[in-house]
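Visitor: Below are the chains, spelled out letter by letter.
Number of protein chains: 2
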Amino acid sequence: MASEFELIARYLTPAAPGPGAGVPLGVGDDCALLAPRPGQQLAVSVDTSVSDIHFPVDAPAEAIGHRALAVSLSDLAAMGAESRWCLMALSLARNDDAWLAAFAHGFHALCATTGTVLAGGDVSRGELAVSVTVMGEVSPEAALTRGGGQAGDILAVTGALGGGAGGLALWQRGERDLAHPLLQRYLKPMPRLAAGLALRGLAHAAIDISDGLLADLDHLLTASGVGARLESDALPLAEGLSDELGEHEARQAALCGGDDYELLVSVPPAAWAEAQRRLAAQHLALTPIGTLHEGSGVSGVSVAGKQGWQHFRGTAS
Amino acid sequence: MASEFELIARYLTPAAPGPGAGVPLGVGDDCALLAPRPGQQLAVSVDTSVSDIHFPVDAPAEAIGHRALAVSLSDLAAMGAESRWCLMALSLARNDDAWLAAFAHGFHALCATTGTVLAGGDVSRGELAVSVTVMGEVSPEAALTRGGGQAGDILAVTGALGGGAGGLALWQRGERDLAHPLLQRYLKPMPRLAAGLALRGLAHAAIDISDGLLADLDHLLTASGVGARLESDALPLAEGLSDELGEHEARQAALCGGDDYELLVSVPPAAWAEAQRRLAAQHLALTPIGTLHEGSGVSGVSVAGKQGWQHFRGTAS
Numbered sequence: 001m002a003s004e005f006e007l008i009a010r011y012l013t014p015a016a017p018g019p020g021a022g023v024p025l026g027v028g029d030d031c032a033l034l035a036p037r038p039g040q041q042l043a044v045s046v047d048t049s050v051s052d053i054h055f056p057v058d059a060p061a062e063a064i065g066h067r068a069l070a071v072s073l074s075d076l077a078a079m080g081a082e083s084r085w086c087l088m089a090l091s092l093a094r095n096d097d098a099w100l101a102a103f104a105h106g107f108h109a110l111c112a113t114t115g116t117v118l119a120g121g122d123v124s125r126g127e128l129a130v131s132v133t134v135m136g137e138v139s140p141e142a143a144l145t146r147g148g149g150q151a152g153d154i155l156a157v158t159g160a161l162g163g164g165a166g167g168l169a170l171w172q173r174g175e176r177d178l179a180h181p182l183l184q185r186y187l188k189p190m191p192r193l194a195a196g197l198a199l200r201g202l203a204h205a206a207i208d209i210s211d212g213l214l215a216d217l218d219h220l221l222t223a224s225g226v227g228a229r230l231e232s233d234a235l236p237l238a239e240g241l242s243d244e245l246g247e248h249e250a251r252q253a254a255l256c257g258g259d260d261y262e263l264l265v266s267v268p269p270a271a272w273a274e275a276q277r278r279l280a281a282q283h284l285a286l287t288p289i290g291t292l293h294e295g296s297g298v299s300g301v302s303v304a305g306k307q308g309w310q311h312f313r314g315t316a317s
Numbered sequence: 001m002a003s004e005f006e007l008i009a010r011y012l013t014p015a016a017p018g019p020g021a022g023v024p025l026g027v028g029d030d031c032a033l034l035a036p037r038p039g040q041q042l043a044v045s046v047d048t049s050v051s052d053i054h055f056p057v058d059a060p061a062e063a064i065g066h067r068a069l070a071v072s073l074s075d076l077a078a079m080g081a082e083s084r085w086c087l088m089a090l091s092l093a094r095n096d097d098a099w100l101a102a103f104a105h106g107f108h109a110l111c112a113t114t115g116t117v118l119a120g121g122d123v124s125r126g127e128l129a130v131s132v133t134v135m136g137e138v139s140p141e142a143a144l145t146r147g148g149g150q151a152g153d154i155l156a157v158t159g160a161l162g163g164g165a166g167g168l169a170l171w172q173r174g175e176r177d178l179a180h181p182l183l184q185r186y187l188k189p190m191p192r193l194a195a196g197l198a199l200r201g202l203a204h205a206a207i208d209i210s211d212g213l214l215a216d217l218d219h220l221l222t223a224s225g226v227g228a229r230l231e232s233d234a235l236p237l238a239e240g241l242s243d244e245l246g247e248h249e250a251r252q253a254a255l256c257g258g259d260d261y262e263l264l265v266s267v268p269p270a271a272w273a274e275a276q277r278r279l280a281a282q283h284l285a286l287t288p289i290g291t292l293h294e295g296s297g298v299s300g301v302s303v304a305g306k307q308g309w310q311h312f313r314g315t316a317s
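Protein chains in written order, with the UniProt record's numbering: chain A, 1 to 317; chain B, 1 to 317.
Chain A with its partners taken away, still in its complex shape (with noise of 0.2 Å):
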């Protein structure tokens, strides 16, 4: 059986890095060394992805890669940083060499499209668990946080929603078909970096919608201390959605559902036009879907329960 050197060796290694990488030093040293750009700042964040909690286990392998960077990918994008480099941190129940591969090619493949190094990792024995450690740069100036919205700012969303928790649910169903609309949208969703960086200097706030539209939200509005008014009609649905769960279950799912890796943000209304404008030059749509008031609280929806995706409360799976 292979060891743990041999499985870093052969799948979690990458290609050496190129000049511009920003890497001195990569895997195989005690450290990976890394040369941030003068005058950026680093943002950084990580994400653990367990199986049969954030994805199924069966799920195909190059999805289960992609996903855990994915996610952790979308933390960036709501900061409008750049993505430089990862660190992952790998637990296998049993060392399967197809699996591995599968799994590699989907972590790498994501690297190489959004320009990440991976620079580092660990791998040890334990039930299927993916740690990704993402490292992104933003001037000071530029980054997006969840504090800066302000009242009389346009409320929006890039792309769809409802379409990880619309996936989870056919995919429950059975449906295996990688195709679909709504299972690309739940196992191999597509951090939204590059509307990040179009956002910045133009939004006044930003949050990825991992634990769903409400709760981050909520998040958003008491970083900022003010209160929202949805127009709950205007939700952009993924595709598929209303036909797959019908019209309510729909709206729910789009509302309160998690796995979205969409990004909210509030947008000062004189700068609506160039952040439309900007985001449909990578044909992604900014939806308005309410506004920004003094005050709290969100009004305009009406939902059973507003809680998002949260572990500890067995709403995850």
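These are calculated hints, taken from the structure and not from any lab test.
Treat the hints with caution; some may be incorrect.
Said to hold, decoys possible - Pair by pair, the computed Cβ-Cβ distance ranges are: (1) A:Leu178 - B:Ala285: 51 to 61 Å; (2) A:Ala151 - B:Ala179: 51 to 61 Å; (3) A:Thr13 - B:Asp52: 26 to 36 Å.
Quantities reported herein were computed from a predicted structural model and do not represent experimental measurements.
Positions of the beta carbon are idealized from the N, C-alpha and C atoms, including for glycine.
Use these hints to put chain B onto chain A, whose structure you have.
Guide: Below, chain B without anything else, positioned relative to chain A:
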């Protein structure tokens, strides 16, 4: 039951970092924002500690928190890097307030001792496991690597060896007095950060002894392209090790046991006296255990098996 957000807020959020911490934005947004110092490279590493593989599940929670951070910081020590920041990804099987409080105490206490700021984290449900990403700084010319060893260098280790394996053996025999020096070595190792800093500019090569002396020596020799002659009688044994294991087993533990978290360094003869003087000022032994020579391989030791501590081989616990 407390939610993920409440757990994070209660136990894992440190006190607001001061102005010198280099954390313009700490826990509470999608990412933390860090301010690297100009001219420094970033040394980064991640290590996962899984219950009943890397530590006994019934070890004191405070020691588990300390240890999970210590093993990652040991990698910074081996690069001669100054510890700055860390991220914690914690998986918990159940939500136990007292356990979490003790775990957090052990983690935060070592953060404080080592000047490391917890900048973010993630809590999920799963078997007990802790992944800690550490980030340190080192100037490009000062970094210690595995690959700089040269023929003629003196091979040396900090502190004492075999305590990790000895402590584990003691724990397995039922010893629970944490004041026992071997249990201290196993459950509460102290990363040799100050030694790593002191050896900058003196040592040609360094690695931490996490997989066992012979396994890590092999990594250093391979990276440096040299061989070594060991004086196995010179190995500094951890306090109490021979009494507990007997002379032969104690020597085997020093050669092949894992989890010692001492530094193995190669120092040119001209720098030797200064290196010993600097570590003596830290009340830390630096013991010569052999020399590097042209060629490859290790002579001077006779062991049953040279394999170090690897997962997936069943030698881990």
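Visitor: All hints are to be evaluated individually against the structure, with a verdict given for each.
Guide: Consistency of the hints with the structure:
The hinted window of 51 to 61 Å between A:Leu178 and B:Ala285 holds, with their beta carbons roughly 58 Å apart. A:Ala151 and B:Ala179 have their C-beta atoms about 59 Å apart, which keeps the hinted 51 to 61 Å range intact. In this structure the supplied range 26 to 36 Å holds for A:Thr13 paired with B:Asp52, their Cβ-Cβ distance being about 28 Å.
In the structure shown, no violation is registered for any of the earlier numbered hints.
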